[in-house]
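Novice: Put together the whole structure using the sequences plus the hints.
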Amino acid sequence: MPEKEVHENGPVFDPTPLEAILEKSRGAKGALIPILQQTQDAYGYLPRPAVARIAKFLKVPESKVYGVATFYAQFHLHPRGRNIVRVCLGTACHVRGGEAILGAVADELKVSPGETTPDLRFTLERVACLGACGLSPAMMVNDTTYGRLTKKRVAEVLKKYQ
Amino acid sequence: MAEVNLTIDGRPVSVPAGTNVLEAAAKLGVDIPRLCYDPELTAVGACRLCIVEIEKMRGLPASCATPAAEGMVVRTNTEKIRKYRRMTLELLLANHPQDCLTCEKNGDCKLQEYAYVYGARADSYKGERKHHVPDDSNPFFVRDHDKCIVCGRCIRTCAEVMGIGAVDYSWRGFKAKVTTSYDVPIEESPCVFCGNCVTVCPTGALQPKSRVGQGRSWELKRVRTVCPYCGVGCAIELVINRDGKVVGVDPADGPANHNKLCVKGRFGFEFIQSPDRLKKPLVRKAVLEGRRGKAARESEFVEVSWDEALGLVAKRLGEIKAKHGAAALAGFTSAKCTNEENYLLQKLVRQGFGNNNIDHCARLCHASTVAGLASSFGSGAMTNSIDDIAQSKCVFIIGSNTTEAHPVIGLQVKKAKRNGARLIVVDPRRVDLAELADLHLQQVPGSDVAVLNGLMHVIIRDDLYAKDFVAARTENFEALKKTVEKYTPEYVESLSGVPAALLTEAARTYAKAGRSAIIYSMGITQHTTGTDNVQTVANLAMLTGNIGREGTGVNPLRGQNNVQGACDVGGLPNVYPGYQAVTSPEAKAKFEKAWGVSLSEKVGLTVTEVINAAARGEIKGLYVMGENPMVSDPDINHVREALGDLDFLVVQDIFLTETARLADVVLPSTCFAEKDGTFTNTERRVQLVVKALEPPGEARADWEILNDLARRMGLGWDYQSVAQIMDEVADLTPIYAGVRWDRLAEGGDAHDKGLQWPVATRDHPGTPVLHREKFSRGLGQFAAIDYLPAAEETDTEYPLVLSTGRILFHYHTGTMTRRSKGLNWIRPEGYIEINPETAAYHGIADRDWVKVTSRRGSVVTRARVTSITGKRVVFMPFHFAEAAANVLTNPAVDPKAKIPEFKVAAVKIEKAAEAPTWAVEREAAARAARGAAGDRAAVAKEVAAGGERR
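Residue numbers (my numbering), protein chains in the order written: chain A, 1 to 162; chain B, 1001 to 1950.
Worth flagging that the hints you see were computed from the coordinates, not collected in a lab. Glycine included, C-beta positions come from ideal geometry on N, C-alpha and C. Treat the hints with care, as some may be off.
To be verified - What follows is a list of derived Cβ distance ranges for each label pair: (1) B/Ala1501 / A/Pro113: 53 to 61 Å; (2) B/Asp1253 / A/Pro113: 47 to 55 Å; (3) B/Ala1929 / A/Gly103: 45 to 53 Å; (4) A/Glu19 / B/Glu1641: 52 to 60 Å; (5) A/Gly134 / B/Gly1119: 36 to 44 Å; (6) B/Glu1040 / A/Asn142: 49 to 57 Å.
Specialist: Rendered as C-alpha cells:
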C-alpha cells in the first residue's frame, strides 16, 4: 500500500513549547531523538513546522529529521486523539472474536485502524497482545483495560471518553 | 602518503594508505560491480554487490568500505562471490518492475547490466512488491520509487556534494523510500533542480523527462563541448537523437565541473532548437528601398539573401565612414561568442572601421576587475583555479551570490567548508552561502571600501599582516597603512552598518587562516567605485600574503561563458589582443604590420560611451554581435532613444532580441552547439567548443559572417577555418602563444583539460596559479583608497536602495533561459525582494503588484516579501524585459573602468493599482492555449489578486 498522505489538521502551531525545548538542548550532542521525543510530549505528535524548526536549529536537512521521525514507530506525524483505543488481536482475542470488536470500534468511530477521528477525540490502533488473554476479547482505552467485550459494551465504553 | 602493498586476484598492487579495496582493484583494471558506491561520496557498503574475499577476514566484506592494508590477499571473482552477487541481484529484482522494454534507462542501467553479467533471474524470489506514486511534479525529472533500489546515491549527492539534503530515506524496512520531508513533491522542497542526483542514479528511478520516447540509449549521439551559460566553463555532452534533436545535456568530467552541472546547464538547452531561432537575414523594407534612419526602421522586416544583406551592410558602413569619418562607427562584440569570433570583430573594427570603438558587456560586469587587478597585480583575471578553492582554509566571499550565479563554483566553496575551512560572506543580502557561513557581514550596498579598509585596519593594528611578503613582493605599503588608519571598526560600523566586533573577528579569521582565498563578483565591480573596490580587495590579499599559492588568491568570477576570452582577444577599446595597449607605439606597430593598415592610437569608446555618443549624434553606425543592450544596460529608456538616433544599426544574433527589434539589418548566427572554436572560462582556461549540430535555416557562424563582411569591405580576409584564426591569435597574443587547435582537439595534449593562460609556447602546460614568484607587473602595488559613497544616495523621495543581480534559474537578458520550458516554469516572471518590515510599512503583501520608481523610470513587478534583504534594501533580478530592472538603474559610471553602478539606485515603492498589461496578456494567452475561457476582465482581476502561487 502506498503511504498515506501526511497532512496537517492539528491546531494552529504555537512555537513556544518547542523553543523552550530547543533552548534546553543548545550545544548538546546527539540531540535529535531527545528533541523529537520532547516535542511529541509537548504537542502530542510532530507538527511539520516543528520538524522544520528542529532541522534549522540543528543545521541538518529537514528531510533527515523526517527520515528519523518516520524510522521509529514511537513518533507520530499526525495529530493524535485525546484518547488512544488499542484493540487486541493477539491469539486469544483473535480466537474469541477480536476482529469483530475492532470492526465495532471502527464503525463506532468511523475511522480505520491507525487513524484519528476528525474531532481528535480518538485514535484507533490494533495491537498484537495486551497480556490480558484471560479477559479476551480485550481492548485498552488510554491506561484502562476492558475485557469480555461485546459490540454493545464497546459503544458504552467509548461513550465514557470525551 | 605511505603506500600499502596488497595482492588482488593474484596480482600485486601498491596504493596510498586509506585507499579502499575497490579502488585498489580498479588500479589493476579490475572492475568490481557496485550499485551504491561512488568515489565522491561516503562509502556506505549497503548494496552488497562489491563483496570480495579477503584472506584472514571473516565473511565477505564490502570492498568499497574496506581500506586496503599491507599484505592483504583479495579475491574479487570466485564462484562463492558470484553466487552471492547473483542472489543479491535476484533479491533486488524480486521487488523491481521488469519494465526494461519501455524503460528509458534500458542499455544504460547498472542493475540490468549486472543482472546480465551474473545471470540473475527476476523470478527467483516471489513476494510483495512496492507500489508508490511517482513524483512527477516538476518539468525536469521524474522519481519512480518502484524502480528505486534505495542505494542512496542521490541522497548522498544532494547532502554531501550539493549540501542541500532535499531528500533522504524515510520509513524503514520494506516501506523505506527516498522522499522529501513529509513526502511533498520535490518542487516544494529545497531542491535546486541541478539534476546531479539523476546523473548518479544507477537505475531508472530518476529520469530526465526530456528524453522520454526520444530514442534508446545506444541510438543517442553524444558530443562533448562546453556549457554556454556562466563563466565556470563546465564540460557537457550534448545528447542528440537520430532526428538531430537535442534531447538532453549530460555532464562530462571537465576540469571545472567533474561531472556536476547546475539547472541551467543541464536543463536549459531548449533554446538551441527553439522555433524562434533566426533562420534568414532580415532587412527593413524601407531600408531596402534606400531610406534611412529611425523612420525607415519602423517598417517591417523582410527576408533577404546573405548576399543582399551583407552587401547592404558593407555599403552602408562604408558610406558612414566616408561621410562622417572613422570615428562615427562602433562595434559591440560578444562574451557569448568564441575567442576566434571576438578576435575577428575587434580586428574588423580596428582594421576596417579605423578606430578602437570596440567593447562588450564585460564593461557591465568586470571592467573594474580588468582595470583594478591590472594596476595592482599586472594581470586582470582570476589568480587561481576553481579546483583549488577546496584547498583553502578560509574562503572570503564578497559581493558574489556564488551558489546562484556560479553554482558549480559554489560546490567548491561548500567542499572547502566540509574540509574544515572557515567561510566569511560579505553581502547586503542573506544569500545561501551567508546561511552556511561562519560570519556574515551584511553591509550597506556601496560601502565595500569601508569594510575592506576596516579589515585591513584591524589586521595591521593587531600585527597580523605578512611582513615578509609585504617587504619582498609589494610597494606603497606605507601609504596604505596611513589611509586605513582611520578605518577603526567603530568608524566602519557607522559607514557600513557592519558591527565592529563582527568586522574584527572577520579580519582575524581571514588573516590567521594561513591559506585564504577571496572570491568576488558583481557586488564589488558594479559600482562607481568599482575599480577602487577591486584594488582594495587586492590590497587585502597582498597584505596577508594570500596570493601565488594554491587555496589563496583574488578570484573574480566572470559572468559569461566567454567574457574572459572576449577581453583576452581584444574586445576592449583600450587594448589589442593580450592586453597590449592601443596607446603603446610598439603594440601599434606590431598590429599594423600584422594587419597591413595604419591603426588609431586613440583609446576607443566603451559600451556606455557609445550609447551616449549615439545620443549626441557622434556615432552613426553600430554593429552589434550577440549583445542585448536593450535589457542589459542601465537606464534602458535612454538606450532606446540613443539607438533610435543611429543612422544604421546591424544586429547579429540567434534570436530577434529586444535590441535586434530596433535594427536596420538582422543577421542570423549560430549558437555554441553549431560551431567550432574556443571559450575561455573564469579561471583563464581555454577550452574547445565542438560543432554538434547543423545551424537552423541559413544561419551562419559568426566568424563566417564576419569573414564574408570584411571581404566585402575590401579588407582581404580569407579565413578557411577556426584553426587558422586561432593561429593568428596565438601569433599576436603572448598569453595565448601556445594555444593551438591541434593541442586542444581530440588527441592533443590539452584535449581533456584545456590550457590556462599564460601559455607561452607550443609545449607550455599552462598556468594554474598566477603571481607565484613575482607579480605580472613585478611588485604588487598597494593602492591607498578612501571610501566614497555611491553616486546616488537615498533621500526622502527615494528612500530605498535598489540592488540588481542574477537568480539561479535565469541567465542575463533571458534570451536563452526564458526559451527553456522548465526554467520558465519555475520562474516565469521577475520580482522585487522586500524586507517584511518595509513591505508592511508600505502596505504591501507577498505577491502583490508593486510599482518601483527611480529618477529614470518605473516598472511594475511582483512583490516577494523576504528577510533575505535588509530593511533599506530591495533587490530585483535583471533577466525580465517586461519589467526590466534596468529601466531603474543608474547609468553613472566608475571614472576609471566606466562600469555603471547597477548595484545602487535610489528607488521608492508603492502598491500598484492593477496588474501590468503583460501579466494579464500572458495569463490570457496561457488560458487560450489550454482552451479555457478567457474573459479578459476576469483574468485581469485574478492576476491582480496574485494568481496561482508557486
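Novice: Quick one: which hint numbers does this structure break? Sort them smallest to largest.
Specialist: Failing hint: just 5.
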